[in-house]
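Student: Read off the chains here:
Number of protein chains: 2
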Amino acid sequence: MKTIRSQQLLTIALLAMLAFTITIAHAAGPLPSWNDGKAKQSIITFVEKVTRPGSPGFVPVPERIAVFDNDGTLWAEQPMYVQLFFVVDRVKALAPQHPEWKDKEPFASVLRGDVKAALAGGERALMEMVMATHTGMTTEEFEQIVKGWIATAKHPSTGRLYTGMVYQPMLEVLAYLRANGFKTFIVSGGGIEFMRPWTESVYGIPPEQVVGSSVKTKFDLREGKPVLVRLPELNFNDDHGGKPVGINQHIGRRPIAAFGNSDGDLQMLQWTAAGPGVRFCLYVHHDDAAREWAYDRQSQIGRLDKGLDEANARGWTVVSMKNDWKTVFPSEKK
Amino acid sequence: MKTIRSQQLLTIALLAMLAFTITIAHAAGPLPSWNDGKAKQSIITFVEKVTRPGSPGFVPVPERIAVFDNDGTLWAEQPMYVQLFFVVDRVKALAPQHPEWKDKEPFASVLRGDVKAALAGGERALMEMVMATHTGMTTEEFEQIVKGWIATAKHPSTGRLYTGMVYQPMLEVLAYLRANGFKTFIVSGGGIEFMRPWTESVYGIPPEQVVGSSVKTKFDLREGKPVLVRLPELNFNDDHGGKPVGINQHIGRRPIAAFGNSDGDLQMLQWTAAGPGVRFCLYVHHDDAAREWAYDRQSQIGRLDKGLDEANARGWTVVSMKNDWKTVFPSEKK
Numbered sequence: 001m002k003t004i005r006s007q008q009l010l011t012i013a014l015l016a017m018l019a020f021t022i023t024i025a026h027a028a029g030p031l032p033s034w035n036d037g038k039a040k041q042s043i044i045t046f047v048e049k050v051t052r053p054g055s056p057g058f059v060p061v062p063e064r065i066a067v068f069d070n071d072g073t074l075w076a077e078q079p080m081y082v083q084l085f086f087v088v089d090r091v092k093a094l095a096p097q098h099p100e101w102k103d104k105e106p107f108a109s110v111l112r113g114d115v116k117a118a119l120a121g122g123e124r125a126l127m128e129m130v131m132a133t134h135t136g137m138t139t140e141e142f143e144q145i146v147k148g149w150i151a152t153a154k155h156p157s158t159g160r161l162y163t164g165m166v167y168q169p170m171l172e173v174l175a176y177l178r179a180n181g182f183k184t185f186i187v188s189g190g191g192i193e194f195m196r197p198w199t200e201s202v203y204g205i206p207p208e209q210v211v212g213s214s215v216k217t218k219f220d221l222r223e224g225k226p227v228l229v230r231l232p233e234l235n236f237n238d239d240h241g242g243k244p245v246g247i248n249q250h251i252g253r254r255p256i257a258a259f260g261n262s263d264g265d266l267q268m269l270q271w272t273a274a275g276p277g278v279r280f281c282l283y284v285h286h287d288d289a290a291r292e293w294a295y296d297r298q299s300q301i302g303r304l305d306k307g308l309d310e311a312n313a314r315g316w317t318v319v320s321m322k323n324d325w326k327t328v329f330p331s332e333k334k
Numbered sequence: 001m002k003t004i005r006s007q008q009l010l011t012i013a014l015l016a017m018l019a020f021t022i023t024i025a026h027a028a029g030p031l032p033s034w035n036d037g038k039a040k041q042s043i044i045t046f047v048e049k050v051t052r053p054g055s056p057g058f059v060p061v062p063e064r065i066a067v068f069d070n071d072g073t074l075w076a077e078q079p080m081y082v083q084l085f086f087v088v089d090r091v092k093a094l095a096p097q098h099p100e101w102k103d104k105e106p107f108a109s110v111l112r113g114d115v116k117a118a119l120a121g122g123e124r125a126l127m128e129m130v131m132a133t134h135t136g137m138t139t140e141e142f143e144q145i146v147k148g149w150i151a152t153a154k155h156p157s158t159g160r161l162y163t164g165m166v167y168q169p170m171l172e173v174l175a176y177l178r179a180n181g182f183k184t185f186i187v188s189g190g191g192i193e194f195m196r197p198w199t200e201s202v203y204g205i206p207p208e209q210v211v212g213s214s215v216k217t218k219f220d221l222r223e224g225k226p227v228l229v230r231l232p233e234l235n236f237n238d239d240h241g242g243k244p245v246g247i248n249q250h251i252g253r254r255p256i257a258a259f260g261n262s263d264g265d266l267q268m269l270q271w272t273a274a275g276p277g278v279r280f281c282l283y284v285h286h287d288d289a290a291r292e293w294a295y296d297r298q299s300q301i302g303r304l305d306k307g308l309d310e311a312n313a314r315g316w317t318v319v320s321m322k323n324d325w326k327t328v329f330p331s332e333k334k
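First to last, the protein sequences are chains A and B.
Counting along the first sequence from 1, when you hit position 156 you're at 156 in the working numbering, and nothing is skipped either side.
Counting along the second sequence from 1, when you hit position 317 you're at 317 in the working numbering, and nothing is skipped either side.
Just so you know, these hints were derived from the structure itself, not from any lab.
Check each hint, because a few of them may be wrong.
When chains are identical, the list treats them as one kind, so a pair holds in a single copy or across two.
Pairs of lysine-lysine, DSSO-like flavour, derived with a Cα cap of 30 Å [as the list claims (entries may be wrong)]:
1) 183 x 216
2) 92 x 326
3) 104 x 49
4) 183 x 147
5) 306 x 49
6) 49 x 183
7) 49 x 147
8) 306 x 154
9) 306 x 225
10) 116 x 183
11) 147 x 306
12) 49 x 92
13) 306 x 104
14) 38 x 92
15) 102 x 326
16) 154 x 218
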């Protein structure tokens, strides 16, 4: 009995300290890397509406689901998607085992260092390279390959690790939402198994809250040891109309907040907006050529055209990276 | 400042009450509907090993993933799967819109009340009925249909609601694991959208932690309103080797504990057992003809044959419903 009482007192003391810490943290204010303005205020107003008990917009904790696109929304996607750099590096790494690639497109172009020429083959060429580099191994082997690459590969123009090219203001949005009872999910056109090995340490998003494109896998026993083998067949394309499909398949309820940056996210935002009650949709607009990149309606990567029109028409939040963000990448933080 | 201080004091008081409540609850001991014995002890020993800080088997909270089969593991599956009763009731409900069913198998047999004859058509007949009753509507419409049915439909021999035919001892395992930092998932051969409308209220398992079989869905705009339409095409069969595939697809990490009752769960248990560190695999063995049903190696539904051999060979926990469970269904609770 004595032990239980002293344990209780310890628990109470610890919880009291926790409550105090929370109060202090809150005093500093959320979203410190955001400039004061409409965009920042819209996020805070939304969160206050859905979390204030008794508010007409109140949403119970289990229904506080927020979904985030990854490429261009949580990290940079120029001059091309990070996963494409991974494909290129894997083609080079695997080339010694594939002497035939020297004379076979799109591989030959990649090995000559001409990625643009390789991608001229369109969707078919891309999928051929993805399947050659992403399948044939077990899920565990692929995870190790991704972990090894993401720990060392550097962005060609900034020389940073790719995980250093995440957006500090968006990390703060993720943390702010979670501190307010939200479950945060990634819903990306990128490969689900390409993201999972690092999303927990980088974004605080665990593997089970990552939705993405995937290949089929097959259960097999290899010398009695169960493995999942990655097959060269597309299982799911998590982009455009695929995003609401993926959300329904993985999450099974409609998000109340959605964050994207391109037309590929539009259906996810529409799906989110169409639910009852208070809803929040946000587009990150890449308009900061000095600190990041500036692109929208004409871009091949991360095109934002129809989405921008719809955001303006419906009053969704459009974030100007240039004006709304004090800093872009974490290491610039003051 | 005054407000913050009094809010803090209130928080401290509430947290202290919470700590006290937790202490009381713990004093009663976990798994009260389990008889003392090897099965109950194996669950408790496992949980203590993976949760005790400094223990060689310690597992950090985010990796405490436990997966549960549904039919026959969390609720009854005799004389046939609950979802099959749903199919039968839906065929009857939809019959007025399908006059042709009167002369068309397998529907004609169902409408005559001969489900056994309908199922004699095998997998093809079953899938025909599933597609006729589970697709063509939006995801939201289907959710409402399931909610309406599960709230009222009664089991033919017990007269209970199906949600009253869940296993009290397994509800306690779910709660015990969650109280120890586990995330609990359902991984069922049943339809994912057939389970999600009620798993949160019945099992405390939210939709995003339900993995199951599914049909394909398609995003569409109907008069400007986004919908997901359920298509008559199988998307995923979450049984046997499909269970580890579904676990990898949805959860993205290997569970450390798995609970099943049939050969359809064997690959899930093998996949769970094959990870490093402390692992826990459990089979519920239906050997209680008086309070539930008794079946195993010869049963068409929930056959447990290879799984029972492997469980015995590998020392997995095999639960005797008859000997290990004080009560089976919640309302018998003393």
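Student: Would you pick out the hints that fail for this structure and give their numbers low to high?
Tutor: Violated: hints 2, 3, 8, 10, 11, 12, 13, 14, 15, 16.
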